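Protein sequences appear in the order of chains E and S.
Just add 3 to wherever you are in the first sequence, counting from 1, and you've got my numbering.
Just add 181 to wherever you are in the second sequence, counting from 1, and you've got my numbering.
Honestly, the hints are just simulated from the structure, not real lab data.
There may be inaccurate statements among the hints.
[To be verified] FRET-style restraints, in silico, Cβ to Cβ: (1) E:S361 - S:D350: 30 to 38 Å; (2) E:P320 - S:A336: 38 to 46 Å; (3) E:K207 - S:A364: 55 to 63 Å; (4) S:T272 - E:A357: 52 to 60 Å; (5) E:S361 - S:E248: 58 to 66 Å; (6) S:R340 - E:L371: 56 to 64 Å; (7) E:T326 - S:T272: 54 to 62 Å; (8) S:E248 - E:A223: 22 to 30 Å; (9) S:A364 - E:E105: 27 to 35 Å; (10) S:G374 - E:D65: 20 to 28 Å.
It should be emphasised that the depicted structure is a prediction, and the values quoted were computed from it without experimental measurement.
Glycine included, each C-beta is placed from N, C-alpha and C at the ideal position.
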Amino acid sequence: MNYDIAIIGGGNAALCAAITAAEKGARVIILEAAPKPYRGGNSRHTRNFRCMHSGPLGPLVDSYSEAEYLDDLLKVTDGRTDIGLARLAIRTSEECLPWMQERGVRFQPSLSGTLSLARTNAFFLGGGKGLVNAYYRTAEKLGVTVCYDAPVTHLELDDDRIVFLDYTHEGETRRLSPNAVIVASGGFQADTDWLARAWGPAAKNFLIRGTPYNRGVVLADLLEQGIEQVGDPTQCHAVAIDGRAPKFDGGIVTRLDCVPFSIVVNKHAERFYDEGEDVWPKRYAIWGRLVAAQPDQVGYVIIDGKSLNLFMPSVFPPIKADTLEGLAVEMGLPPDRLRATVDQFNAACGDTAAFHPSELDGVTTTGLEPPKTNWARPIVEPPFYGYSLRTGVTFTYLGLKVDETAQCSIGNRPVGNLWAAGETMAGSILGQGYLAGFGMTIGTVFGRIAGREAADYAN
Amino acid sequence: MQTDLLQEARRQAEICNACRYCEGYCSVFPALHAHRAFTDGDMTQLANLCHNCRGCYHACQYTAPHEFDLNLPQALANVRHDSWEAFAFPTGAARAFQKNGLMIALATVIGFALLLWAARAIGSMGGEDFYAVLSHNAMVAIFVPAFLFPLASVAVSLRRYWRETQAGDLRLPDIVAAFGSAARMRNLSGGHGDGCNFEDEDRFTHARRIAHQAVMYGFLLCFASTTSGTVLHYAFDMPAPYGLLSLPKLLGIPGGVLLTFGCVWLLDLKRRADPALGATGARSGEIAFTALLGFVGFSGLALYAVGQTGMMPALLVIHLGAVLAFFLLTPFTKMAHGFYRLTALTADAARIRRSKAAS
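For reference, chain E alone in the conformation it holds in the complex:
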């Protein structure tokens, strides 16, 4: 069988591309590195889609303008954003939501514990795996061939065209010569050696929140052949997760939402950042890097009895002790120094009458460095609870540079039949930082663009 388009990867961006191209009449094959139960890459672990809307749309209430969306993005990326591509992603997101629904994706009201996102993010019913399942059904109905356990090992570039690609399947190497190729195989975060080359040996202590199959093989292969790259290899979407999480694929259940109600210390029992800087959905994405910068890349969250029920339960129960010193021993922290840090923090707390767990309440410390600027309540009520924190990498930003048609380039000219979508090109938009649900927006918008452009080319 000759295919018009080969799509490398099997997650959201790959599926959006496959469906769009197949709807335009192209013969499409999806080469998914993972076996069927693990299909879908990191999309399996996602839960929502950040969507611009001028009025109520699907599960979304009120409105969320282009300007506000862009502003939210610029805040988290500190301006390191390709404004043109960001605006394209934001503007197109509105028409994506009904497109997704027509292709089987179902939404649900904002999940309990995530009410702050009810206006901006549309939650998938059943989460990202539900979305992935629906798209595979839709794609297969359109005649798309899906090949699991089929990691691509090499794309052969001849002048400015991909002439063939090699992949392994059922123990042998196979070759395809499609008219067009779409790369949608994610970042390289599961290759910890690569991470360590970029970050130094500290990266060996990072946990990978998603699929172990995103090892950046295709990305490395293309970059070696001179395809234009974008992004800083040390930049990634990384959050602080429970230190007891599995090395790969721990997903959402390993996240900890208790930082705003805690103090966070390093292994020397010293605080290092304002835990109450902003509401957690706006701050969770910086804590991965904050923890990564601490000795041994580990942090320790300390809360007391009154705060235990203020945040979503995590999959691992907290470490519990009747005294702070006892907790310190359980967690391997120096007890006297933890006691000193907590005493100093408690002494800096003021009037807590205005405490409000879900809003910036201005209950702040005074004369403490670093300060805690909201939700600062003394840690005094036993039992005391602790969690260890480690850096959990979601995806890396070093990737393929694309233009507004999702096309890759070499030197200053386009590669005639190569497009990229999803995490593998997200660095084209995101320089640093992360905005919840924006990865799925990039994947959907650029997956559809890549599918359309590749189909037009192949036809």
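Mind docking chain S on chain E? Use the hints.
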């Protein structure tokens, strides 16, 4: 109840509670998310709220081969079946029948034999038509206790259930809400209205929902038919047989058709469904029960079709034997699930009412 089953379900529920992606599928998840820790009673209630639609399983990022090894539909099904066995009265009877198709078949054959013996020993005492085979009084003497015993047994079980789950006060609007949910089988709608995953992996269909409702409404129509016959007999002195346009026939014929057709459909769906997502070892019991229920409907229809022929006495004995077995086994077979389900839905409605009042 078996602590290993409870413990496994609890382990899984704690993972679900940290994820919450499935919140919109059914009643289980909002109820689950209302807890931070799960008592045995909480797990029992969640298990009986679960309709085994399997939406959460196919959407789950933590199913095997993932090390978390989630299979919530099976974990809850195991607790659910175990709870029916634990709460059954007399205790232990459910253990014999719930998961054992052979015992159900055996009980049915004994039902036939009992009726045959009754027909021989008691006989007509001068009645006509059906009552020429077995007199009306003899039928009443057999079936009144066979009907009242299961009701009393189920009542004891539900009381045990209500206590174990600490469901609190019982209010009429909660019961109304539970019946409303069961009437539409809302929990098999998938939350999005596309139905559930059952017979073809992650494909959403309404097949199981419709087949189940055919059985449920078919059964209720048949029951109404029998009740109307009883009323006509005693209150209006109008004994059977009844004509085509009589109330018992108008209710009974569509009821029998729905019941028979629905049971065949459910059996076919069950055959195609993955047994690894249902209760361990429950398959033969469930299949035998559904077959018995379908046979009750089918033999009733057949009896109407051949009522005027020489086959009638034999068929009457077979039909009544099946009905007898069905009634007597109600508390100890899959039939019990309807009562537990309604109770769980009532308790859930009460939970929602209380949480609304609190906020």
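Verification of the supplied hints:
In this structure the supplied range 30 to 38 Å holds for S361 of chain E paired with D350 of chain S, their Cβ-Cβ distance being about 31 Å. Distance hint for P320 of chain E and A336 of chain S: a CB-CB separation of about 40 Å, consistent with the stated range 38 to 46 Å. For K207 of chain E and A364 of chain S, the hinted distance range of 55 to 63 Å is satisfied, since their beta carbons lie about 58 Å from each other. Taken as a hint, the range 52 to 60 Å holds for the pair T272 of chain S and A357 of chain E, whose Cβ atoms sit roughly 56 Å apart.
Range check, S361 of chain E to E248 of chain S: Cβ separation about 33 Å, and the 58 to 66 Å hint is violated. The hinted range of 56 to 64 Å is satisfied by R340 of chain S and L371 of chain E, whose Cβ atoms lie roughly 58 Å apart. Taking 54 to 62 Å as the suggested C-beta distance range, the pair T326 of chain E and T272 of chain S does not conform, at roughly 47 Å. The given range of 22 to 30 Å is respected by E248 of chain S and A223 of chain E, whose C-beta atoms sit roughly 28 Å from each other.
Taken as a hint, the range 27 to 35 Å holds for the pair A364 of chain S and E105 of chain E, whose Cβ atoms sit roughly 31 Å apart. Between G374 of chain S and D65 of chain E, the C-beta spacing of about 24 Å keeps the proposed range 20 to 28 Å intact.
Comparing the model with each earlier hint shows violations of hints 5, 7; every other hint is respected.
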